[in-house]
Amino acid sequence: QKEVEQNSGPLSVPEGAIASLNCTYSDRGSQSFFWYRQYSGKSPELIMSIYSNGDKEDGRFTAQLNKASQYVSLLIRDSQPSDSATYLCAVLIGNMRFGAGTRLTVKP
Amino acid sequence: EAQVTQNPRYLITVTGKKLTVTCSQNMNHEYMSWYRQDPGLGLRQIYYSMNVEVTDKGDVPEGYKVSRKEKRNFPLILESPSPNQTSLYFCASSPTGGWSREQYFGPGTRLTVT
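In the order they appear, the protein sequences are chains L and S.
Following the numbering used here, the residues of the first sequence are numbered contiguously, the last one being 272.
Following the numbering used here, the residues of the second sequence are numbered contiguously, the last one being 128.
Where hints are given, some of them may not hold.
[As the list claims (entries may be wrong)] Some chain S residues well away from chain L (every beta-carbon gap over 10 Å; in silico):
(1) L55
(2) Y78
(3) S94
[Unchecked claim] Derived DEER-like restraints, expressed as beta-carbon distance ranges:
(4) S:T29 with L:I182: 46 to 56 Å
(5) L:S216 with S:S96: 28 to 38 Å
(6) S:L55 with L:Q195: 39 to 49 Å
(7) S:T27 with L:G223: 37 to 47 Å
(8) S:T29 with L:P245: 34 to 44 Å
(9) L:G173 with S:G30: 21 to 31 Å
(10) L:N186 with S:T27: 37 to 47 Å
Hints listed in this document are in silico derivations from the structure and should not be mistaken for laboratory results.
Quick reminder that beta carbons are idealized off the backbone N, C-alpha and C, glycines included.
The following block holds chain S by itself, in its conformation from the complex (with noise of 0.2 Å):
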């Protein structure tokens, strides 16, 4: 079954504790994006990657890093985790980073930091 999967679901972690959210897809894709959704705010855009060893920043990229060692893999890493990144967290893939950027998304982080 084609999907982009994510881990964990859900996680509770406290301030400073280094934790990655895997995202992987099978579908072959080029492209790969994270977003974080907060209430009001919609979905914003982390980083995304074009291809492998490929990424840049999207909107809101402070305090996250990414990396793209597969082009099946691409994890969202939080350093030092604080408070206001609390939130929903969905991984995204499309077939290419051109402009008919049709994004499949994952199930989902939903994120607590105490």
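The shape of chain L in the complex, shown without the other chains (with noise of 0.2 Å):
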């Protein structure tokens, strides 16, 4: 099993819909979640962390983190077309341990 695990997509929703990222991670110790974008060609930049059970809401952006269940999710809500890019879910697993992405689309 590997440590974070992404579904892989791509994931395509249309313009102004919820677009649901998921992420399982297997050390149940973890205390630090991140979710950071990556454009095609681009580095990755962080949108949200979030270290306790529950929802973070940033603008458009709400991170759930569920420790019992190993699984943390980014929802987007009213999704726009700059939205599209790929998804990266990193977990503190002693080093930083990335997921392999999920790449988004969104359609005007």
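Got two chains here, each in a separate frame; can you build the complex from them with the hints?
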């Protein structure tokens, strides 16, 4: 089992819809969870961090953490074409471990 | 402007020719790190540094060296590059090396070793 797994996608949603991105991790003791957005040919950009169970909202983005289920998700409300990118889940498991990413396409 | 810079951005070299990729940050961050990104494998950590003169191995350190003589700089050294080190490399920094390790990435260096 990989330490951090994401649904590989690609995920396609229409403009204005909610995009849901999921990530599971292997180490029950993990404390820190991050979502990065990476546009094609660019570097990863931090969009959300979450450290405790529950939801954390920032604008159109909501991160959800469930440590019992070892599951972290990112919801993007009112998706826009500019949200089209690859989204990387990262978990601090000793070292920082990244998932392979989910490619999201938002269609106008 | 707060940023992480890397040089060079693109490099084509031959097997065995030593090279250095520089990384510098102007945010007074304690933590710095190097990653490589390969298709299907995602981002993998090579080395990291919690502070000046403190470095440690990540998940894929073989074939690489680093040093942290100054807080702002964290160069990545390939003493004898091989074709399997062809990859996209990112440097990142974070204000702290603690559990709230929110990292900011440089623009990337695309390395090809022939």
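message: If you test the structure against every hint from before, which numbers come out violated?
response: Result: hints 1, 5, 6, 9 break, sorted rising.
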